[in-house]
Amino acid sequence: MEARDAIAGALVSSDGEEHTSPKTEAPETEQSQTKTRMEKIFGFKKEDLSSWESLVTLLNRPTDPACLGIFRCLFGLLMAIDVTQERGLSHLDYKYLDGAPVCRFPLFNFLQPLPLDWMYLVYLVLFLGSLGIMLGCFYRLSCLLFISTYWYIFFLDKTTWNNHSYLYGLIGFQLTLMDGNRYWSIDGLRRPSIRNAHVPLWNYTLLRTQIFIVYFIAGIKKLDADWVEGYSMSYLAHHWLFDPFKVILPVELVSLLVVHGGGLILDLTAGYLLFFDATRPYAFFFVSYFHCMNSQLFSIGMFSYTMLATSPLFCYPDWPRRFFDRFPSFLKAVLPLTSAEPQRSTSCVYQGDQTSSGERQQAPAAPKAPKLRLRHKLRAIFTILYIAEQFFMPYSHFITQGYNNWTNGLYGYSWDMMVHSRSHQHVKVTYKDGKTGEIGYLNPGVFTQSRRWKDHGDMLKQYATCLSHFLPRYNISEPEIYFDIWVSINERFQQRIFDPRVDIVKAEWSPFRPNPWLMPLLVDLSPWRTKFQEIEGSLDNQTEIVFIADFPGLHLENFVSEDLGNTSIHVLQGNLNVEIVEEKKNYTVKPGEQIKVPAGAYHKVYTVSDDPSCYMYVYVNTTEAALQENFTKLYELQERVRNGTETEPLPPELQPLVAADDDEGAEVNATDPIVKLFLKRQRRMKEVKKRREAGVLERLERFAVKKYYTIRRGFLMTAIAMRNLAVGLPPLEQLTREVEFANMKGPQAEAAPDERLKDEVGHGEL
Numbered sequence: 011m012e013a014r015d016a017i018a019g020a021l022v023s024s025d026g027e028e029h030t031s032p033k034t035e036a037p038e039t040e041q042s043q044t045k046t047r048m049e050k051i052f053g054f055k056k057e058d059l060s061s062w063e064s065l066v067t068l069l070n071r072p073t074d075p076a077c078l079g080i081f082r083c084l085f086g087l088l089m090a091i092d093v094t095q096e097r098g099l100s101h102l103d104y105k106y107l108d109g110a111p112v113c114r115f116p117l118f119n120f121l122q123p124l125p126l127d128w129m130y131l132v133y134l135v136l137f138l139g140s141l142g143i144m145l146g147c148f149y150r151l152s153c154l155l156f157i158s159t160y161w162y163i164f165f166l167d168k169t170t171w172n173n174h175s176y177l178y179g180l181i182g183f184q185l186t187l188m189d190g191n192r193y194w195s196i197d198g199l200r201r202p203s204i205r206n207a208h209v210p211l212w213n214y215t216l217l218r219t220q221i222f223i224v225y226f227i228a229g230i231k232k233l234d235a236d237w238v239e240g241y242s243m244s245y246l247a248h249h250w251l252f253d254p255f256k257v258i259l260p261v262e263l264v265s266l267l268v269v270h271g272g273g274l275i276l277d278l279t280a281g282y283l284l285f286f287d288a289t290r291p292y293a294f295f296f297v298s299y300f301h302c303m304n305s306q307l308f309s310i311g312m313f314s315y316t317m318l319a320t321s322p323l324f325c326y327p328d329w330p331r332r333f334f335d336r337f338p339s340f341l342k343a344v345l346p347l348t349s350a351e352p353q354r355s356t357s358c359v360y361q362g363d364q365t366s367s368g369e370r371q372q373a374p375a376a377p378k379a380p381k382l383r384l385r386h387k388l389r390a391i392f393t394i395l396y397i398a399e400q401f402f403m404p405y406s407h408f409i410t411q412g413y414n415n416w417t418n419g420l421y422g423y424s425w426d427m428m429v430h431s432r433s434h435q436h437v438k439v440t441y442k443d444g445k446t447g448e449i450g451y452l453n454p455g456v457f458t459q460s461r462r463w464k465d466h467g468d469m470l471k472q473y474a475t476c477l478s479h480f481l482p483r484y485n486i487s488e489p490e491i492y493f494d495i496w497v498s499i500n501e502r503f504q505q506r507i508f509d510p511r512v513d514i515v516k517a518e519w520s521p522f523r524p525n526p527w528l529m530p531l532l533v534d535l536s537p538w539r540t541k542f543q544e545i546e547g548s549l550d551n552q553t554e555i556v557f558i559a560d561f562p563g564l565h566l567e568n569f570v571s572e573d574l575g576n577t578s579i580h581v582l583q584g585n586l587n588v589e590i591v592e593e594k595k596n597y598t599v600k601p602g603e604q605i606k607v608p609a610g611a612y613h614k615v616y617t618v619s620d621d622p623s624c625y626m627y628v629y630v631n632t633t634e635a636a637l638q639e640n641f642t643k644l645y646e647l648q649e650r651v652r653n654g655t656e657t658e659p660l661p662p663e664l665q666p667l668v669a670a671d672d673d674e675g676a677e678v679n680a681t682d683p684i685v686k687l688f689l690k691r692q693r694r695m696k697e698v699k700k701r702r703e704a705g706v707l708e709r710l711e712r713f714a715v716k717k718y719y720t721i722r723r724g725f726l727m728t729a730i731a732m733r734n735l736a737v738g739l740p741p742l743e744q745l746t747r748e749v750e751f752a753n754m755k756g757p758q759a760e761a762a763p764d765e766r767l768k769d770e771v772g773h774g775e776l
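Each residue of the sequence shown is one higher than the last, beginning at 11 in the working numbering.
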């Protein structure tokens with residue numbers, strides 16, 4: 011893939027010589043007339059693809075290094091910021107929990123994190139590599155430091171895998187092989203021979219093709235029926251960013267046409283629109299708008315900004331020279347070069363390199379082919395193989411079948427971004443003592459901070475194996491582990507994803523064979539989703555509903571909270587046998603019938619029909635309803651007191667309602683729990699309203715303060731770790747004071763340190 015490239019104003023003649031004299035320089039109009047239509051559009055001629063030598067010459071054609079240098083700088087900067095945020099430097103001690111019993115999910119089971127202080131060293135090397143890339147300082151070494159530590163961290167934890175993290179590693183790998191330090195780099199200052207030197211065209215070809223693949227394959231994956239029909243990301247339409255569209259369209263059409271339809275069209279066309287001169291300005295607008303929206307919709311770290319930084323790669327490679335040439339002259343000492351022509355580079359192939367001076371004097375003689383060295387051919391072969399591999403990888407799931415679940419493969423290299431949304435209604439982890447037969451239950455997520463294992467068979471196998479190693483410490487011998495996990499994907503029925511009758515510790519799993527204990531997705535029931543919307547639309551605000559589907563011969567054991575005082579089961583399809591455990595009674599329920607189940611007690615729902623059953627729980631949270639009713643009465647009373655229409659004196663337990671108006675900054679001090687909860691809720695609503703109505707400067711200040719304390723903690727904890735490695739651990743009291751100082755938060759901080767992991771990106775698969 012080759013966008014039109016201008017070689018920094020150096021006109022190249024047919025024999026490959028650069029024209030520096032106006033006498034020999036062909037007029038621009040004459041040169042443009044000699045170009046074929048294909049060359050004007052694509053930047054190369056049909057003859058450039060006519061033979062292997064021509065293709066190698068094309069891929070190694072000298073190209074302006076300016077655009078590549080600017081992208082290198084931006085990518086390094088974004089990755090340096092990313093280290094403290096999405097990579098997790100700022101909460102590394104919470105992430106790795108040095109010495110604690112933790113179940114982890116590496117790609118290869120032998121991969122384990124280093125001791126905590128050494129992990130800080132790994133992250134420090136990653137950060138220094140990012141800085142080196144940004145500055146173009148010891149460029150190759152910096153790239154190697156970056157990709158070696160980055161891929162180690164990446165493979166160490168599959169639960170944080172996502173497409174954009176995979177993309178960062180790919181770009182880092184590509185930059186390692188490229189001549190990214192030829193423009194605006196410290197290496198260029200140290201080594202004049204490479205400063206402002208040409209780079210081969212394949213450097214741009216790889217990067218442009220990679221970004222094209224990100225967009226285009228993401229669009230192909232969105233041709234999935236769930237996305238086209240608007241079920242994948244339907245909740246996004248309720249976000250305030252889509253309010254302008256809701257002025258002219260109902261929210262249902264905003265979801266279908268704007269969120270899903272717009273996302274599909276943009277992904278399919280963005281790569282093409284960025285490629286061509288005529289459509290590139292429009293592509294810049296829509297792509298920039300799209301990524302700016304994503305930065306607000308999702309917690310995806312630097313991804314939106316990285317994709318914005320890739321868009322200029324599709325422009326003419328000399329655009330930075332023309333851009334920075336418009337700046338005042340006194341700034342040019344620190345800005346990139348604007349006027350100097352690129353010098354020749356051994357990495358490129360120049361036309362006429364084999365032509366002698368005597369031969370050049372013979373005007374009728376045709377120019378000889380340039381001299382192709384082995385390294386030029388190897389780079390061309392690598393470019394072609396890499397591009398082919400990147401087109402193949404998203405469809406390689408027929409090889410790694412063990413990683414396939416309801417969706418294909420490990421989430422992170424398929425570019426199926428946001429195609430699937432999941433919700434989990436019920437997770438039960440059962441253990442059985444292999445010797446005594448004792449049965450017990452584990453808190454879902456015990457010994458791990460991740461929630462992503464619930465959707466992936468390979469991670470479930472790793473989790474069960476880990477639990478089998480930890481449970482003997484608690485006098486549970488030869489444990490068997492069973493998982494009953496209920497998931498809804500893209501607004502379908504909640505159903506089991508794995509067979510709850512299989513002991514996962516002893517279950518077979520192979521990366522190259524289908525998972526035998528994966529339950530099939532009941533796609534035949536997908537048309538029910540339209541009925542779901544109709545049923546939910548007919549309910550009042552206090553009634554909630556959950557749709558369930560189950561397989562013949564299985565049953566659901568459920569506990570109804572005491573807060574849900576009015577819960578019933580309505581059968582939609584199939585036959586059920588409902589057992590009320592305390593009453594020791596069984597009831598048969600057929601399609602169209604319903605049964606009320608008691609609150610504060612267990613019941614079991616058996617599917618006794620030959621086909622899967624479908625039913626729904628309809629319930630009212632009576633406790634919450636009563637609480638809302640009390641809140642309404644308290645609010646009305648508070649309004650009457652404010653307006654002076656309340657004539658009766660308030661009892662002591664309601665006096666805080668008046669005090670809250672007099673001193674909004676005072677702590678809530680109420681004896682009545684309902685009043686105390688009401689006042690806390692009011693204060694919280696006022697804070698939310700204040701934050702939403704804040705001005706641009708206040709928002710920027712809040713953002714900057716939050717980022718400052720996040721980055722501050724990461725570097726202070728790194729400094730503590732480096733000191734520990736250098737001179738050993740200090741006394742416990744000193745270490746405690748140092749960590750407390752690093753944990754200091756800004757005045758507008760919202761989350762406690764132990765809640766930071768909830769914001770970690772990549773744990774939720776959107």
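Mixed in with the good hints there might be a few duds.
Straight-line C-alpha distance at most 20 Å; calculated PhoX-like pairs for lysine-lysine [as the list claims (entries may be wrong)]:
1) K686 with K643
2) K55 with K45
3) K595 with K614
4) K717 with K690
5) K595 with K438
6) K438 with K105
7) K541 with K105
8) K438 with K541
9) K600 with K643
10) K690 with K700
11) K464 with K445
12) K686 with K696
13) K643 with K696
14) K699 with K614
15) K445 with K541
If you are wondering where the hints come from, they were derived from the structure by calculation, not from laboratory data.
Bear in mind the structure is a predicted one, so any value in this text is a computation, not a measurement.
Open item on the list: Hint by hint, where does the structure go against what was stated? Just the numbers, ascending.
Closed with: 4, 5, 6, 7, 8, 9, 11, 14 and 15
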